[in-house]
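S.K.: These protein sequences, in sequence, are chains G and Y. Those letters in the first sequence? Residues 69 to 479, by our numbering. Those letters in the second sequence? Residues 1166 to 1250, by our numbering.
Honestly, I wouldn't trust all of these hints.
Non-contacting residues of chain G with respect to chain Y, defined by C-beta distances greater than 12 Å in every case (computed) [claimed, not checked]:
hint	residue
1	K83
2	N109
3	N119
4	D129
5	T218
6	K368
Cut-off 25 Å, straight-line C-alpha distance, at most; resulting in silico cross-link-like pairs (DMTMM-like, lysine to aspartate or glutamate) [stated by the list, open to error]:
hint	chain 1	residue 1	chain 2	residue 2
7	G	K456	G	D91
8	G	K431	Y	E1202
9	G	K74	Y	E1204
10	G	K74	Y	E1202
11	Y	K1188	Y	D1212
12	Y	K1189	G	D73
13	G	K74	G	E402
14	G	K270	G	D196
Quick caveat, the hints were computed from the structure, so don't treat them as lab data. Being a predicted model, the structure only gives us computed values, none of them experimental. Heads up, the beta-carbon is just placed ideally off N, CA and C, and yes, glycines get one too.
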Amino acid sequence: MGLLDKYSAFPERHKTILQGGHDPFNVTIDQVKSATEVVINGRDVIMAGSNNYLGLTFDPDCIEAGRQALATHGTGTTGSRIANGTYSGHQSLENNIAKMMGCASALVYPSGYQANLGVIAALAMKGDTILIDADCHACIYDGCLMSGATIVRFRHNSPEDLDRRLQNMDGEGSNKLIIVEGLYSMFGDIAPLKEFVEVKKKHGAFLYVDEAHSLGVFGDHGRGLAEQEGVSQDVDFIVGTFSKSLGSIGGFCVSNHAEFPYMKFTSRPYMFTASISPATIGTVNAAIEKIEKHPELREKLWSNAKRLHEGLQAAGLKLSAPASPIVSVEMSDEEHAIASWNRILNEGVYVNLAIPPGTPNSKSLLRSSISAAHTTAQIDQITAAFKKVLRPNPDSHIDAPQTGLVSATPE
Amino acid sequence: MVTQETDDLVFHKTCDLLKPYNKKNIALTMDTDIATELEIDSVAILDLIMEIEDIYGISIPMNLMADIRTIGNLVRAIHDLGGNK
Ligand SMILES: Cc1ncc(COP(=O)(O)O)c(C=O)c1O
Chain G
69 MGLLDKYSAF PERHKTILQG GHDPFNVTID QVKSATEVVI NGRDVIMAGS
119 NNYLGLTFDP DCIEAGRQAL ATHGTGTTGS RIANGTYSGH QSLENNIAKM
169 MGCASALVYP SGYQANLGVI AALAMKGDTI LIDADCHACI YDGCLMSGAT
219 IVRFRHNSPE DLDRRLQNMD GEGSNKLIIV EGLYSMFGDI APLKEFVEVK
269 KKHGAFLYVD EAHSLGVFGD HGRGLAEQEG VSQDVDFIVG TFSKSLGSIG
319 GFCVSNHAEF PYMKFTSRPY MFTASISPAT IGTVNAAIEK IEKHPELREK
369 LWSNAKRLHE GLQAAGLKLS APASPIVSVE MSDEEHAIAS WNRILNEGVY
419 VNLAIPPGTP NSKSLLRSSI SAAHTTAQID QITAAFKKVL RPNPDSHIDA
469 PQTGLVSATP E
Chain Y
1166 MVTQETDDLV FHKTCDLLKP YNKKNIALTM DTDIATELEI DSVAILDLIM
1216 EIEDIYGISI PMNLMADIRT IGNLVRAIHD LGGNK
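Only chain Y is shown next, with the shape it has when bound in the complex:
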């Protein structure tokens, strides 16, 4: 039996990874827009995605990036790729 990691836990791990880019210390929610509300450039986002890929052993295709705007979108993508196990 694989144990499911809840979206909630995925959300918290993602927020931990985003911390260094949250210079203004805003409250992170599922609706936080990663590119515009945090101070993170286009390449740093890709590097962050790579860390998430390492944690969950998945590959998030770059093609999905256009649709990943909020933290919630990212959590959903990890879920869909079977990463929250």
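Just chain G, with the same shape it has in the complex:
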């Protein structure tokens, strides 16, 4: 097989996907009017497929903090953290995130992706065993591969399966690292963290939780699912991102282990890349303060999420999980998912199209993610768009017949 032969099937699949009208994986947003309103192809569209859970991307204080940092410290650091790229802002951001998470120390990375790569690869090595939830994000897989450790995948959200696998390895003597997420990005379901903590303790393993989608969403301080479940002290490493509820870009890991801060001397995605820009630091610091001082953002987020979930459920659509800020409608197949996604966009609502292999269990999904910045009227418009396009059939979820529908294909 030639170097590029593996791409031979791509043009055909891309063409099929394009038949619906818009390119779901290359939508261009011409203008961003607010955290929930964008312009696509000259049309106003409600954004229901971001990860802007607290709606902070247009928060005036966050913008001002970014603006000030930009003017004071310049456009970029032009260097890595271990060379010229550590400014006082990076130090204060690491202190702030550790304090916000109630942990001893934090490491900040240029993205959540790199945080997972960097921490997993710095933690485990050949001879160690990492057990990952089957539905873990791609960057967790990549971090595991980079570490050189033995990787074992266990059934999604199944402490029993994890326990059985660990049992079979007992006496083998390798270090065990368990990795799960808080809120899962595709189905919007949450991990049974208390049960995972029990299994971890039983087998003397370490527990690592990626709270990318749960930070700012769960817990009295918005620390995530571990806080809400009362198990923060039993989680060894928590990873998060600045790119979702904090409305910026960057990632982090926090831990109470005394050895953890020294990982910065071994973690390659920390050492060999430029540090995040001053403006980014400014916006993230301001956003952390928002999470701490404005719990009402979280309340609004949840009331919006429940309203959408209830509305879609009442419409007879099959949802993949109980209410959370990620509400995914399960579609019968990829073709219907693509056609319906186009029609919903033509109704003025952008949601995410998720198809295999990007989804667990080969499911095709229309995924909405809700923001505290959505108005009740917008939530109802999102619900209405789904109802108009999808027939209320809990088994087949087939698109409504053509009558009264906006066709997605240019005729």
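Chain G is already provided as a structure; the job is to place chain Y with the ligand on it using the hints.
M.R.: For chain Y with the ligand alone, kept in the frame of chain G given last:
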């Protein structure tokens, strides 16, 4: 005494699990390349492996995946991990 499940039986059980992905109905042999000859994506292969793990009570590390190309490779891996008992 544990009874050994022969590689032949493991092969047949594996073929049963692969059936849904054999849309063109090709003849499955020990040499069939799972990823290229069947219509199965990278995540579905992992899910299939998990079903095999359930049947045999073993864990097939993902690190071995790079070396498992054919049905025969998979049967061999199950054998090596003590799964055919
Ligand atoms: C669970 C999980 N971890 C990590 C990431 C990566 O985060 P970032 O976008 O900051 O790189 C994502 C985002 O897609 C995610 O869903």
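S.K.: Now, for every hint given, state plainly whether the structure supports it.
M.R.: Consistency of the hints with the structure:
no., hint, verdict
1, K83, "18 Å, holds"
2, N109, "31 Å, holds"
3, N119, "21 Å, holds"
4, D129, "41 Å, holds"
5, T218, "5 Å, violated"
6, K368, "35 Å, holds"
7, K456/G to D91/G, "21 Å, holds"
8, K431/G to E1202/Y, "22 Å, holds"
9, K74/G to E1204/Y, "14 Å, holds"
10, K74/G to E1202/Y, "13 Å, holds"
11, K1188/Y to D1212/Y, "18 Å, holds"
12, K1189/Y to D73/G, "21 Å, holds"
13, K74/G to E402/G, "22 Å, holds"
14, K270/G to D196/G, "18 Å, holds"
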